[in-house]
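Dock chain B against the given chain A, drawing on the hints supplied.
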Amino acid sequence: SQQGEEDPQALSIQEGENATMNCSYKTSINNLQWYRQNSGRGLVHLILIRSNEREKHSGRLRVTLDTSKKSSSLLITASRAADTASYFCATYGGGGSQGNLIFGKGTKLSVKP
Amino acid sequence: AAGVIQSPRHLIKEKRETATLKCYPIPRHDTVYWYQQGPGQDPQFLISFYEKMQSDKGSIPDRFSAQQFSDYHSELNMSSLELGDSALYFCASSLRVGNSPLHFGNGTRLTVT
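As given, the protein sequences belong to chains A and B, one line each in that order.
Each residue of the first sequence is one higher than the one before, counting from 1 in our numbering.
Each residue of the second sequence is one higher than the one before, counting from 1001 in our numbering.
Here chain A stands alone, though its shape is the one from the complex (with noise of 0.2 Å):
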């Protein structure tokens, strides 16, 4: 089954606008990551956030994780006809354990100058 389902599918913006997009997710997790991806291009990591934070920053990007209702959110402030890609969170199946890291159905945003 689907480690991570993210919501919306596709957003579209203005340039400096800011864009939200949400993950969930179904078992147990040690950490939760995000990855952006550029059309036809490489998985790019952003930003990790463990299980017993709450929130996290890093640049422009907020992510927060409710574990207890097994959800993620990652802010996008400020955007940026560049920050154009989709964006993925992932967990680790098995419970959190290290194994594969299962992927979400993304979240398609596209950025308008």
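Any given hint could be a false lead.
[As the list claims (entries may be wrong)] With a straight-line Cα cutoff of 30 Å, these simulated DSSO-like cross-link-like pairs (lysine-lysine) come out: (1) A/K26 / A/K108; (2) A/K108 / B/K1052; (3) B/K1022 / A/K105; (4) A/K108 / A/K70; (5) A/K70 / B/K1057; (6) B/K1015 / A/K105; (7) A/K70 / B/K1015; (8) A/K26 / B/K1057.
Because the hints were derived from the structure by calculation, they are not lab data.
Relative to chain A, chain B alone:
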């Protein structure tokens, strides 16, 4: 810094042919992963290796096999190719300790005609 290198970048094969994809992980990374990503889909985990031994197996068809060699490079062998095998194939590497983030290559785009 050295990244994950995949070759070839593009590959066109006919049905029932075989294909071999190569991956050179980041030096000193002990874990290699293979993912398949269909058009508009999330990356699906195929198989992983830890210290050259198969670690986890995902949705890898029996027609596919993979191995990791003594120099840590990995190869994904695909036989009896089907049209549905057309996808982007990503290799990623990481350090197993601490659920470290995955570093992805730019993928091999396989087209089966």
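Quiz item: Hint by hint, which ones does the structure fall short of?
Solution: 2, 7
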